[in-house]
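Visitor: Order-wise, the sequence lines are chains D and A. Position 378 of the first sequence, counted from 1, bears residue number 378 in UniProt numbering, the numbering being contiguous throughout. Position 244 of the second sequence, counted from 1, bears residue number 244 in UniProt numbering, the numbering being contiguous throughout.
Because the hints were derived from the structure by calculation, they are not lab data. A few of these clues could be false.
Below, in silico cross-link-like pairs of lysine to any residue (SDA-like), each with a Cα-Cα straight-line distance of 20 angstroms or less [stated by the list, open to error]: (1) D:122 to D:268; (2) D:70 to A:369; (3) D:72 to A:23; (4) A:70 to D:366.
Listing some non-contacts, in silico: residues in chain D with all C-beta distances to chain A over 10 angstroms [said to hold, decoys possible]: (5) 76; (6) 205; (7) 257; (8) 267; (9) 380; (10) 416; (11) 443; (12) 444; (13) 457.
So the derived label-pair ranges between C-beta atoms look like this [unchecked claim]: (14) D:328 to A:301: 54 to 60 angstroms; (15) D:241 to A:382: 36 to 42 angstroms; (16) D:296 to A:418: 41 to 47 angstroms; (17) D:267 to A:418: 46 to 52 angstroms; (18) A:378 to D:300: 47 to 53 angstroms; (19) A:329 to D:267: 20 to 26 angstroms.
By construction, the Cβ of each residue, glycine as well, lies at the ideal position given by its N, Cα and C atoms.
There are 2 protein chains.
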Amino acid sequence: MLPIRFLLAAFGALYSCPSLFAQQTISISSPDKAIILSVNNAPTGSVTYKVSYKGKKVIEPSGVGFILSKPKASLTQFTIASADSSAKDETWKPVWGEVSQIRNNYKELALTLADKGSSGIKVLVRFRVFNDGVGFRYEFPQQTALTHFVVADEKTQFALAADHKTFWQPGDYDSNEYLYNTTRLSEVDAVTASNKEKDTALKSLIGPNAIQTPLLFKTGDGLYISIYEAALLNYPVMHLQVDKKKLTLTSQLVPDAVGNKAYLQTPTQTPWRTIIVSDKATDILASKLILNLNEPSTIADPSWIKPQKFVGMWWEMHIGKATWEKAGGKHGANTQNVKKYIDFAAKYGFDGVLVEGWNVGWEDWFGNWKENVFDFVTPYPDYNLDSLTAYAQSKGVRIIMHHETSGSVTNYERRMDAAFQYMVKEGINTVKTGYVGRIIPRGEHHDGQWMVGHYERVAEKAAQYKIMIDSHESAHPTGLHRTYPNWMASEAARGSEFNNAPTLGITPEHTTILPFTRMLGGPMDFTPGLFRFKLNQFDSTRTTRVRTTLAKQLALYITLYSPLQMAADLPENYEKHLDAFQFIRDVPVDWDDTKIIGAEPGDYLTIARKTKGKDSWFVGAITDENSRDISIDFDFLEPGKTYEATIYRDAATADWQANPEAYKIEKIPVNSKTRLPIHLAKGGGCAIQLVKQ
Amino acid sequence: MLPIRFLLAAFGALYSCPSLFAQQTISISSPDKAIILSVNNAPTGSVTYKVSYKGKKVIEPSGVGFILSKPKASLTQFTIASADSSAKDETWKPVWGEVSQIRNNYKELALTLADKGSSGIKVLVRFRVFNDGVGFRYEFPQQTALTHFVVADEKTQFALAADHKTFWQPGDYDSNEYLYNTTRLSEVDAVTASNKEKDTALKSLIGPNAIQTPLLFKTGDGLYISIYEAALLNYPVMHLQVDKKKLTLTSQLVPDAVGNKAYLQTPTQTPWRTIIVSDKATDILASKLILNLNEPSTIADPSWIKPQKFVGMWWEMHIGKATWEKAGGKHGANTQNVKKYIDFAAKYGFDGVLVEGWNVGWEDWFGNWKENVFDFVTPYPDYNLDSLTAYAQSKGVRIIMHHETSGSVTNYERRMDAAFQYMVKEGINTVKTGYVGRIIPRGEHHDGQWMVGHYERVAEKAAQYKIMIDSHESAHPTGLHRTYPNWMASEAARGSEFNNAPTLGITPEHTTILPFTRMLGGPMDFTPGLFRFKLNQFDSTRTTRVRTTLAKQLALYITLYSPLQMAADLPENYEKHLDAFQFIRDVPVDWDDTKIIGAEPGDYLTIARKTKGKDSWFVGAITDENSRDISIDFDFLEPGKTYEATIYRDAATADWQANPEAYKIEKIPVNSKTRLPIHLAKGGGCAIQLVKQ
């Protein structure tokens, strides 16, 4: 970066020297000038920022500030002590991902704000304006007036210009596994929305007007606006309180056991608060703003980090074929059964086999706020891990470890070294972690500062042991997979397991909203690939079902990116549709490039991705509960070349309710000029493999 | 144990069958019949117990019971489902201690109480009646009606027969470092008592009527009664709420971060509630009831556990010669300085050298509720631990490790293995742990169930590494050194460091109360042996001072038992009084026998102890602020043999205020018929070494 401490006058007419004028405004624009960020310091001392995109209002003047409980200070009235600006334009390469290189191009404004009160405290607000949005964070430099401090509240506002269409989840300190609600902002009612949700294991609802980020707006004048955060480290998750009259959101940090929000020590900073904006929905999905706001990888040699596909001992517990616990006689994770999964994985080319329920403790793991549940190193007696790891190795497959903490994180932390050492001894280098249940330390929340610190500790320690992580029930991801590329995926949203939840399940639109919200922060272990739609296979009383077609299940491998991708269904269900299963076998989990072909949140999306290091492309298209006719433009293909397209599409009669298993597979030649009409059934999708001839 | 399921009628006239009579009473007596315990089940369902000693009332009818918050249940009205009795008389040998063998002799009554409400829950109350008192605990057997449960309140009462003279500390969830107050029970005022205490780092006062155990009463009819607890594991500390009108105490358990008291799973039990009683004060000090109520040692081969005396890098920080932190230029724990302590220890025959302030982090360790303070493995750059451990080893001395957690216990637990492994690598096998400051997990208390669990985890893990523990700022000890003999001592009371506290210091009476209260639970690392009394040696502005004579400092090595005993003063202060220092060099820290010669709480005590495996005895006598003429009867010596007594006594002009350093050393022959008159100065004492000729 080339920092330029420039004359304030360099901002031109918009800026005036504080000693001469009562009101100051400083503005910077994005590199392409489409976005303008302006910061105003009023005579009262309040500092507000606003954002516009191509002249349209994105964020109306919105306050910044803090309330500290120690030292007691209200940091809301300031004078601007200095203003620095700089710019950056670089390209960097992720270890894995949707694209092989990422451009990081922004202009920066760093404002040092001096408290107008008596505290003597200075806070720096750093704004970065990219072509696809704005990020800003607070920095607390080392200073005499502030060393250790406790945050009582952050007072960041996001004032909206109108009563936008809003895609939102109820604000909750412990769960992000809700369906998204689509209402006007003024119609947010988190209590009613939460009351509809009967299947969530643990809820800590904040209140009627509190919602979660990531949050998406669609405005009447054609803008898409995402509000989220990046680089969530050593700080609680930011939820938002909605003022429905003023159409203003205010940060609502997650409290700890005694009601404080964060314990910090200068020099330090908050996560970035992000606003991604465009007049094209596809630009939102293509945005790399959140990754760009994260720090580079801390792992010097990432060669041991491998994207992978896996099958596993998991869905059969959900649908009642087996159980996690040994008591009761249906224990899934027994040696023989896991061997079958290993054989299946080896036969069809999967890298890993996830085994849940392998370890002693599942008999009373949930609901008792019990601290000593699992030790993470003791298999059930019917599960011979030693022999299985050797067997898997002989077949070129690896077992994936499962560490369900049951929320008892003190217990996990004190056993983590032993647990990871056990993995290393067994030659296992990927772990799915889980945090189902109320957190111990009691009074802490999944989304609080202490747990955010825990997730980071796990990522760091796992890296020391060269272990890859797939975290479930963790806080929403904020691009930290750039900094910790071994933290490959997380759940942190309503995943495919909710297909088996009796009340609401996974609605057809859910997967068309996830990429605009949750997935802006990072890969999701959604666990797609269900080939059986009525979930009464082993329990005839069940009415739960999957609300997609089979073709859409395939398309999800493209539309929901993860470098750890599961084929979630049972081997016997795949073996009934080996022709369709071929797509799951073929689809990669690491890409050189990604093109967002078409998208509308809550309705549909079509994405094309180019295989890492190969001349083949894959396309996924999905729709919500409505059938839809789309046209795919293959202009991303290499001009003048012919590709064989293998198309997995909904059959004409397909319908998620009436006929989900009706699909068609066809092979046709295409080139960069081809425009392919595709019919998507209700709840349907289409998956295409393109191989250069 | 010989359990006898006897006919209820076996209790004789006192017991009546529930189906025939509305009211039941069951009584058992101590083996010597002096103590009678009676349990009554009223027609309402309430169950009360009472205790008498030689016909005098000790505990008036007092309730038992529980309130559970999950499942919701009020367990206060019962029917007696069964009554079992048994008796035991055994002798066991502690790994180290005040005596080489201990008789465990009691009669037991186990009452199974069935909730009269709808819960279906059964609770067993197990009473053990010894010649020196009563212990009882609640047991929750495995049962359909109760598996995992949460304790909202324990409803154990102790009703006193009159408004006794009471030795008490304010009830506090985090500190037991108060002076004792001596008032009538009806005059307890914990708020006023606490307000007088200005020097305690952290207080969490419960309220005006809450006091701590161990608690001592002296009754008008000549009884001494101690109320305490034994075997505090997996449960919070029991404090007591005083009803000053009814003269009744009710258990007040320490809450966790969300207000619950304990999370339990059947089968389980509470700690023992103990009542030690005698008409002789000396019997209270001789009681082994609390040790007898603890489980036997968990350490199969305790040969590595060695009582020891040590000096250390500690007091010079308190009195301003040096600092713990490196910043500021007075860092005590530098290689050269510690070498001097090693030389001193080697020259005068000490086993260990405690080194505080050795590790990075002391610059901001206190007061910020900071989680990542110390890592326990990184010495300051001016402290070359590798060279020092080698140097110490060459001189036959060991360094004692210091793990100050600053209350950040999550941090300590996640680093504990590495910290202990580092000790093993350095050949260090004793650690002083510290818990100064507010606990993390935030919202937890030093005395809560979670921390009680932590202390046990430390003891267990340390044992795995063959490490001995001296814990400071931990919860009050309850005889767990029987079960974990490597947990050798703790502070858990106001220790000698308070001599340097400006407000109240250590009053002359304090050390005459400690043996009747705090020390009933186990050894205390009081750190006696101060030879300089005005503490302005390095800071002329200080007015703090030691409120004893020098002879009393010597006597404390006998009257305050610990297997880890420090000579706390600076080498240069000892070298001015090498004749007196000889006693500290000679006094053992492990004993074959102990005789309490005379004692009155708050006034004086005289104790004789026989060296482990040798024919030598040591006697210590101390008084409070009053001078006193006592006579020591040497009838404990082997008849017909002559012993050379080396007597370290107050000089005639000695006085803790005016002339603390005036002492006399004389050698005289004594035998079992000798009665030696001794004058104790105000705040004075006397120490005697007896060697068989």
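Visitor: Give a verdict on every hint.
Guide: Hints and how they fare:
1. Proposed proximity of residue 122 of chain D and residue 268 of chain D is supported: the alpha carbons are some 12 angstroms apart, at most 20 angstroms.
2. Distance restraint check for residue 70 of chain D and residue 369 of chain A: the Cα-Cα separation of roughly 11 angstroms lies within the 20 angstroms cut-off, and the hinted pair is therefore satisfied.
3. Between residue 72 of chain D and residue 23 of chain A, the direct Cα distance comes to roughly 61 angstroms. Violation of the 20 angstroms bound is thereby established for this hinted pair.
4. Taking the CA atoms of residue 70 of chain A and residue 366 of chain D, the gap is about 14 angstroms. The hint holds against a cut of 20 angstroms.
5. For residue 76 of chain D, the non-interface assignment is confirmed: its Cβ lies about 24 angstroms from the closest Cβ of chain A, beyond the 10 angstroms cut-off.
6. Look at residue 205 of chain D: its CB is around 17 angstroms from the nearest CB on chain A, clear of 10 angstroms, so calling it non-interface holds up.
7. The non-interface label for residue 257 of chain D is inconsistent with chain A: the shortest C-beta to C-beta separation is roughly 4 angstroms, within 10 angstroms.
8. Once the 10 angstroms rule is applied to beta carbons, residue 267 of chain D is consistent with being away from chain A; the minimum gap is 14 angstroms.
9. The beta carbon of residue 380 of chain D is kept farther than 10 angstroms from every beta carbon of chain A, the shortest such distance being approximately 20 angstroms.
10. Its beta-carbon lying about 7 angstroms from the closest one in chain A, residue 416 of chain D breaks the requirement of being farther than 10 angstroms from that chain.
11. At the 10 angstroms boundary, the C-beta of residue 443 of chain D falls inside the reach of chain A, the nearest C-beta of that chain being 4 angstroms off.
12. Residue 444 of chain D, annotated as away from the interface, has a beta carbon of chain A within 10 angstroms; the closest lies near 7 angstroms.
13. Not every Cβ of chain A is farther than 10 angstroms from the Cβ of residue 457 of chain D; the closest lies at roughly 7 angstroms, contradicting the non-interface assignment.
14. Evaluation of the 54 to 60 angstroms hint for residue 328 of chain D and residue 301 of chain A yields a failure: the beta carbon distance comes to about 41 angstroms.
15. Take residue 241 of chain D and residue 382 of chain A: their Cβ atoms lie about 51 angstroms apart, and the range 36 to 42 angstroms is violated.
16. For the pair residue 296 of chain D and residue 418 of chain A, the beta carbons lie near 28 angstroms from each other, so the given range of 41 to 47 angstroms is not met.
17. Separation of residue 267 of chain D from residue 418 of chain A is about 27 angstroms and departs from the stated range, judged on CB atoms against 46 to 52 angstroms.
18. At about 22 angstroms, the beta-carbon gap between residue 378 of chain A and residue 300 of chain D misses the expected band of 47 to 53 angstroms.
19. With their beta carbons about 25 angstroms apart, residue 329 of chain A and residue 267 of chain D fall inside the hinted range of 20 to 26 angstroms.
Checked against the numbered hints given earlier, the structure breaks hints 3, 7, 10, 11, 12, 13, 14, 15, 16, 17, 18 and satisfies all the rest.
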